[in-house]
Amino acid sequence: MIGGPQGGGINSSAELYAKALLRGGLSVFANIELHSNIMGKHSYYRVTAAPVPIRSHVDPVHMLVALDEETLFGDAGERKHYPSHQGHVHQIAPGGGVVYDADLKIPAEKFERTDIHLHPVPYMEVLEQALIGIGRGGQGRKYVVMRNIVALGASIGLIGYDEELVIEVIRESFKGRKAEAAEMNAAALTAAAAYARAHFPGRLERQLRPLPVEQRARRLLIKGVQAVGIAKIKAGLGLQTYYPISPATDESVYLESKAPDFQMTVVQCEDEIASINMAVGAAHMGVRAATSTAGPGFSLMPEGLGFASITEAPGPVVFLWQRGGPSTGLPTRSEQADLQFALHPGHGDFPHIVIASGDIDEAFADSFESFNWADRYQVPVVVLLDKFLASSFWTIPPIDMSKLVVDRGALYQPTNPDTNGYRRHALTATGISPRALPGTPGGIFSTTSDEHDPQGHITEGVENRIAMMRKRMGKLDVIAREIPESFKYKLAGPTDADLTLISWGSTKGAILDALPALDRRKVNFLQVRLMKPFPAAEIGKILSVAKTTVLIEPNYTGQLGALIREQTGIQADHRVLKYDGRPFSRNEVVEGVEAVLAKKAKEWMVSHA
Amino acid sequence: MPDAVADAPRKFTLQDYKTDVHVDWCPGCGDFGILSSIQQALLQLQIPPYKIAMISGIGCSGKTPHYIDTYGLHTLHGRALPVATGVKLANHELTVVAVGGDGDGYGIGAGYFLNTGRRNLNFTYIVFNNGVYGLTKGQASPTLRKGLKTKSMPEPSIQEGINPIAVALGAGYTWIGRGYALDVKTLVPLITQAIRHKGTAFLDVYQTCPVYNDIRTKEWYAGEDIGRPRLRRLDTEPDWDPVVKDPDDPDEIVGKKVRALQASYETADRLAVGLFYKVELPTYDDQLAAKVPALKDHPLVDLPVFQRDVTPLFKELE
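Protein chains in written order, with the working numbering: chain G, 1 to 609; chain X, 1 to 318.
The set of hints was computed from the structure by calculation and includes no laboratory data. Treat the numbers as computed from the prediction; the structure is a model and nothing was measured. Even for Gly, the Cβ is constructed at its ideal location relative to N, Cα and C. Worth double-checking, as some hints may not be accurate.
Covered stretches of chain X (chain G as the covering partner; in silico rule of three or more C-beta atoms under 8 Å from a C-beta of chain G) [to be verified]:
1. 70 to 78
2. 88 to 100
3. 109 to 120
4. 127 to 139
5. 284 to 298
6. 305 to 314
The list that follows gives simulated cross-link-like pairs (lysine-lysine, DSSO-like), each with its CA atoms no further than 27 Å apart [what the hints assert, rightly or not]:
7. G:K258 with X:K278
8. X:K245 with G:K258
9. X:K315 with X:K296
10. X:K291 with G:K178
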């Protein structure tokens with residue numbers, strides 16, 4: 001873990017390090033916790049690595065790298081009531097170590113830990129030495145930003161990782177005109193690693209070494225926003241609209257940076273109402289359109305979603321990156337508390353699809369397939385994601401794209417461009433009417449947010465109303481029949497388990513990684529993916545034979561639990577909840593499940609961060 | 001896009017721009033004048049109906065697309081402009097005309113009225129400005145002046161009405177005009193100019209609501225009480241020159257905007273109609289095409305975007 005003030009370089013050092021671990025053949029999971037603040041507030045990055053696949057973080061820290069004193073001890077001294085955090089020294093695992101700036105002159109007693117190794121490193125002095133080595137002596141003050149690389153270098157020296165791998169990544173990230181910066185950073189890293197080895201030899205129990213070259217498989221280090229962005233590019237995204245909002249903005253900025261290469265249009269709008277409506281307009285024209293937002297922005301989109309649905313627009317696909325709510329809530333923190341909102345985003349009854357991705361592969365698959373669903377069923381689609389998935393780095397093998405198929409749904413081809421018989425909302429057996437692409441001769445249509453007849457003109461007649469409600473809502477049955485099972489739910493573990501864990505979204509990783517620690521019983525994990533139309537029969541069947549069920553959700557009310565009960569009549573026996581704005585760690589899952597079972601409690605809250 | 005019909009020489013008739021949908025506006029409504037003017041303008045321009053998209057908001061004016069036989073999206077209250085923007089971005093080969101009322105555009109849609117001006121995408125926005133919310137029975141709209149009380153209002157309005165021309169000047173619209181619904185003869189050429197303009201054209205149209213606005217009636221506009229018309233035609237004034245000749249000359253731009261601003265303020269017996277301001281500036285479309293050159297020759301909807309090769313993007317992540 002590396003911690004420091006926002007703007008102090010923890011992102012770059014953690015990400016360099018994570019990439020270097022990946023290059024060494026290790027599986028890496030890296031997640032950031034940050035304040036909604038530009039500079040100064042405490043943030044920290046966890047980098048978890050193992051020779052086996054991992055998809056979650058743990059709370060105990062084996063190596064803490066501190067850029068400032070607050071990272072060590074928190075801000076209790078400054079804040080009388082509810083300090084925002086206690087620092088991270090207390091999280092260091094016994095036998096673990098900490099690297100901090102010797103210039104802080106912190107007495108060893110202050111750590112109140114005799115079971116950890118202290119490594120005070122004089123950051124500026126090491127930096128000065130490194131600069132002298134490359135002919136830039138006396139310029140330390142100018143390059144004070146490189147303290148983060150010194151701190152990283154010291155920790156690499158201590159854990160015994162291959163610093164050449166880090167330098168390779170540094171050189172890749174500072175190319176061209178920045179090549180000189182690469183050499184300075186490389187020098188600082190090398191000097192710091194050497195300092196650490198010289199002053200604190202062989203003290204750490206835990207060492208981290210790269211795998212032998214022949215065991216290093218080809219893998220990616222990828223964040224949720226990148227996976228979603230690439231899937232959208234692959235799917236043929238034409239227009240992406242957005243209004244800046246954490247944690248969704250990164251996805252749009254990623255797409256914007258790729259827009260010229262991939263012939264896309266990305267528009268920063270005046271608000272989320274404009275975002276959704278532009279996307280609806282473009283979708284009606286036949287362009288694959290999407291918008292990305294977080295809860296507060298989604299709160300402005302309901303009328304647009306209803307409009308898309310009643311006019312049977314082929315989309316848009318809305319990517320809802322959840323964060324801590326309600327209202328402005330916790331802008332940069334994690335929560336999965338927008339499920340019930342995503343299911344009911346507006347007045348009246350209307351069809352739409354809601355799917356929740358649990359990991360990178362699902363985020364990729366769901367993002368790609370959502371455009372097919374939007375086109376095929378002419379409904380808006382909401383893909384539920386969250387801050388944890390957005391900003392955490394996951395290690396995955398290359399994504400298999402060979403089976404991805406683009407399906408634009410039923411298109412209207414006029415036989416005679418001069419006739420005017422086209423009915424945009426024609427009543428059909430499936431409820432799906434072939435759509436014309438505006439600009440096509442003979443395909444002219446109107447449509448409206450008012451109730452309308454098959455030709456798209458306003459009518460308030462009773463018979464038409466009944467027919468149109470049945471047509472639109474009936475599409476949900478078709479969707480439920482046609483969407484493949486892997487998009488509906490996933491069941492990990494044996495079908496005849498004694499204990500069934502139920503969850504959704506990015507909490508998946510921590511639960512899967514926690515299963516081995518819970519295997520005193522026969523345990524399985526039901527991950528619900530498709531939220532609307534809800535696979536009630538399939539989920540009901542699994543839960544009706546489950547022996548003991550524990551619902552695990554990062555929200556206050558247990559929103560998936562409510563949905564399952566509404567749709568199947570089955571209530572989970574126990575609930576483990578977390579609403580501190582931080583994602584579940586692997587050990588929190590274990591602790592919560594064990595606690596709720598041991599105490600026979602209906603509900604248990606965990607919070608370790 | 002199948003374009004055989006477009007290539008064949010064909011003269012479109014007024015009938016080609018009309019639908020058989022029953023027009024449910026009240027007898028004597030100013031909207032009829034605007035509808036007919038739009039249809040005549042489209043006829044004069046001979047734009048194939050299938051190459052046109054009419055986008056509307058909610059209210060009486062929102063029904064307009066149903067009466068014009070082109071592609072039409074009757075959207076949400078106040079959201080016609082974002083939808084029109086999405087339509088134009090998706091297919092810039094379409095002639096896009098957005099229509100809405102004054103409540104729709106200057107009240108609930110005010111944010112989009114401003115920000116659409118900033119973009120200068122190539123389409124037209126026509127506002128049916130009658131001073132009231134007709135469809136909800138005559139409440140004050142954002143253009144009703146302070147102190148006025150139309151017949152269904154319990155009390156006079158205690159907030160000021162906005163000057164939409166002034167707002168449009170500030171927002172950056174590159175073609176700004178005003179017409180009068182009952183003067184089809186001058187309204188048609190204003191609409192054709194607006195549609196021809198390269199950039200976002202904004203046309204506010206004074207419109208009578210014979211049922212709810214008993215202040216600004218046909219007779220009031222005609223100035224029957226003062227013995228001369230209240231409407232002042234800018235194009236008949238000898239030194240009126242609203243067109244910016246040199247878009248790189250900020251002095252000329254500001255000077256013309258100041259004159260337009262002065263002309264836009266109404267007095268009790270004088271209201272200006274005509275072209276207030278026009279400048280040719282790079283459009284949003286042009287700027288997108290500068291980033292994605294394929295957009296110069298093809299609309300976004302026709303670009304070969306499916307199953308793009310994303311391997312270089314994954315390569316960056318190894």
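Against the structure, the hints:
For the segment 70 to 78 of chain X, the proposed coverage by chain G is satisfied: 7 residues have a C-beta within less than 8 Å of a C-beta in that chain, meeting the threshold of three. Look at the segment 88 to 100 of chain X against chain G: 5 of its residues bring a Cβ nearer than 8 Å to a Cβ of that chain, three or more, so the hint holds. Figure legend: the segment 109 to 120 of chain X, annotated as covered by chain G; annotation consistent (4 residues with Cβ-Cβ distances under 8 Å, at least 3 required). For the segment 127 to 139 of chain X, the stated coverage by chain G is not satisfied: 0 residues place a CB nearer than 8 Å to a CB of that chain, which falls below the threshold of 3.
Counting residues of the segment 284 to 298 of chain X whose CB lies closer than 8 Å to any CB of chain G gives 5, so the stated coverage by that chain holds, three being the minimum. With 7 residues having a Cβ less than 8 Å from any Cβ of chain G, the segment 305 to 314 of chain X passes the three-residue criterion, so the hint holds. At most 27 Å may separate the alpha-carbon atoms for a hinted pair to count; K258 of chain G and K278 of chain X exceed this at roughly 35 Å. For the given pair, K245 of chain X sits about 37 Å from K258 of chain G by alpha-carbon distance, which is inconsistent with the 27 Å threshold.
Note on K315 of chain X and K296 of chain X: the hinted pairing is violated, with a Cα-Cα distance of about 30 Å set against a maximum of 27 Å. Annotation: proposed proximity of K291 of chain X to K178 of chain G holds, straight-line Cα distance about 25 Å (limit 27 Å).
Hints 4, 7, 8, 9 from the earlier list are contradicted by this structure; the remaining hints agree with it.
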